[in-house]
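Asker: Chain residues, written in single-letter form:
There are 2 protein chains.
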Amino acid sequence: MIEQIARIPMFQGLPQKQLRDLAGIVVPRNFKRAETIFSEGDEAAGFFVVASGRVKIFKLSGEGKEQILHIFGPGEPFGEVPVFAGTRYPAYAETLEETRALFFPRTSFIALIQREPSLALNMLAVLSLRLRQFTHLIENLSLKEVPGRLAAYLLYLSENNSQTDDLELDVAKGQLASLLGTIPETLSRILARLISQELIQVNGPKIKILDRQGLEDLAEGGKL
Amino acid sequence: MIEQIARIPMFQGLPQKQLRDLAGIVVPRNFKRAETIFSEGDEAAGFFVVASGRVKIFKLSGEGKEQILHIFGPGEPFGEVPVFAGTRYPAYAETLEETRALFFPRTSFIALIQREPSLALNMLAVLSLRLRQFTHLIENLSLKEVPGRLAAYLLYLSENNSQTDDLELDVAKGQLASLLGTIPETLSRILARLISQELIQVNGPKIKILDRQGLEDLAEGGKL
Numbered sequence: 001m002i003e004q005i006a007r008i009p010m011f012q013g014l015p016q017k018q019l020r021d022l023a024g025i026v027v028p029r030n031f032k033r034a035e036t037i038f039s040e041g042d043e044a045a046g047f048f049v050v051a052s053g054r055v056k057i058f059k060l061s062g063e064g065k066e067q068i069l070h071i072f073g074p075g076e077p078f079g080e081v082p083v084f085a086g087t088r089y090p091a092y093a094e095t096l097e098e099t100r101a102l103f104f105p106r107t108s109f110i111a112l113i114q115r116e117p118s119l120a121l122n123m124l125a126v127l128s129l130r131l132r133q134f135t136h137l138i139e140n141l142s143l144k145e146v147p148g149r150l151a152a153y154l155l156y157l158s159e160n161n162s163q164t165d166d167l168e169l170d171v172a173k174g175q176l177a178s179l180l181g182t183i184p185e186t187l188s189r190i191l192a193r194l195i196s197q198e199l200i201q202v203n204g205p206k207i208k209i210l211d212r213q214g215l216e217d218l219a220e221g222g223k224l
Numbered sequence: 225m226i227e228q229i230a231r232i233p234m235f236q237g238l239p240q241k242q243l244r245d246l247a248g249i250v251v252p253r254n255f256k257r258a259e260t261i262f263s264e265g266d267e268a269a270g271f272f273v274v275a276s277g278r279v280k281i282f283k284l285s286g287e288g289k290e291q292i293l294h295i296f297g298p299g300e301p302f303g304e305v306p307v308f309a310g311t312r313y314p315a316y317a318e319t320l321e322e323t324r325a326l327f328f329p330r331t332s333f334i335a336l337i338q339r340e341p342s343l344a345l346n347m348l349a350v351l352s353l354r355l356r357q358f359t360h361l362i363e364n365l366s367l368k369e370v371p372g373r374l375a376a377y378l379l380y381l382s383e384n385n386s387q388t389d390d391l392e393l394d395v396a397k398g399q400l401a402s403l404l405g406t407i408p409e410t411l412s413r414i415l416a417r418l419i420s421q422e423l424i425q426v427n428g429p430k431i432k433i434l435d436r437q438g439l440e441d442l443a444e445g446g447k448l
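Protein sequence lines, in the order shown, are assigned to chains A and B.
Heads up: the first sequence begins at 1 in this note's numbering, then just goes up one per residue.
Heads up: the second sequence begins at 225 in this note's numbering, then just goes up one per residue.
Same shape as in the complex, but just chain A (with noise of 0.2 Å):
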């Protein structure tokens, strides 16, 4: 059991005490094919990880219709967000296939960092690691496209406003960026690198488009 916990990576290189402790509190739980394993609304008594199969995550629309928010397999957790955030669960889960998971209960979870924060701490250090890999991943991802989308969308907004050069973002930079695919964190980064090679100049949410071939070249697929 320990072995498999170590493989899950929200656990991943958690000291073997840490993973003694867990390993004390899970619960292997089997389901069938289809079977419900929460229901949206349910107290979110524990989060559970796929040890084998694949688990779908729905919400019901107002007519009743199925709308798939994530499939989890092996290595996946869920229902961890409103376990940790004490809420309940927010949708319905329910198996694909016959499926083993780990379970591990709220109550026993919370004793376990209340006795040893450490754990809490080395999660922590685990996820946040991992956010600052997928960060460099999506950038990497992005640095190819989301550059180009950005210029289009500022060409946009100028010929929006009869071809000014002084453009005022009319939405919030999280939002920009999710519309152009990607986190704020990229997009600053891109609008650093558009900044620097002085084809706009930026003040708050204002922008001067300096260098509009420069911006066109890059909207039809130029590189930065």
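One thing to keep in mind: the hints can contain errors.
Covered, in the sense of this in silico footprint (three residues per stretch, anywhere, with C-beta under 8 Å from a C-beta of chain B), are these stretches of chain A [claimed, not checked]:
| hint | region |
| --- | --- |
| 1 | 68-75 |
| 2 | 84-94 |
| 3 | 106-116 |
| 4 | 120-130 |
| 5 | 169-183 |
Simulated from the structure, these hints should not be mistaken for laboratory data.
We treat Cβ as the ideally placed atom computed from N, Cα and C, and that holds for glycine.
Chain B: place on chain A using the hints.
Answerer: Chain B in isolation, oriented as in the chain A frame:
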């Protein structure tokens, strides 16, 4: 100060009480341009969040050459992984311009978590949710290119083995994912798509090519 802390992604959505607790331990710090914030091997006395300015994190090679690992800007934390993990700073941090940062000392932060484990749980909830959003984004970004790269890799393996249809993966799945520029979870889902479209069959590390033409189309930019 509380508003500033509430805007930091790592702390977003924390209850007022915990934001106040954090504001109680934070130390604002100002750095000049090109000032060293910490050095590799220093005891990780606390973590920082950039308020304004930019900070580079770097290692020094044997010959004293800088290898920049990250550049962090407003809202981004740095030094938190060694602080959470209880190790030393693994690299140097130096400002690229005049920088204001919020410093969270390790001892007060740990004392806070011991007094209030729900802070750690809430931070785990925030990081888990962010990780999930990032996973989705990586998946959306990867689905454009990774299937083609995976198909090309499988055809290459086959070519290196006298065009056999029966392949054996020679790298661990985590390594393969990183080779293809994605994460293991996304690789699993792409493999599942290739299987459901009867392009390949998978059995542990063994992969059988069922539709060579389909893989070739995919490798040449076709869609899944």
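Asker: Run every hint past the structure and note whether it holds.
Answerer: Verification of the supplied hints:
Counting residues of the region 68-75 of chain A whose beta carbon lies closer than 8 Å to any beta carbon of chain B gives 5, which meets the minimum of three for the stated coverage. With 3 residues having a Cβ less than 8 Å from any Cβ of chain B, the region 84-94 of chain A passes the three-residue criterion, so the hint holds. For a cut-off of 8 Å, the count of residues in the region 106-116 of chain A with a CB near a CB of chain B stands at 3, and the three-residue condition holds. Taking a C-beta to C-beta cut-off of 8 Å, the region 120-130 of chain A contributes 10 residues in contact with chain B, enough for the three needed, and the coverage statement holds.
Requiring three or more residues with a Cβ within less than 8 Å of a Cβ of chain B, the coverage given for the region 169-183 of chain A holds, as 3 such residues are present.
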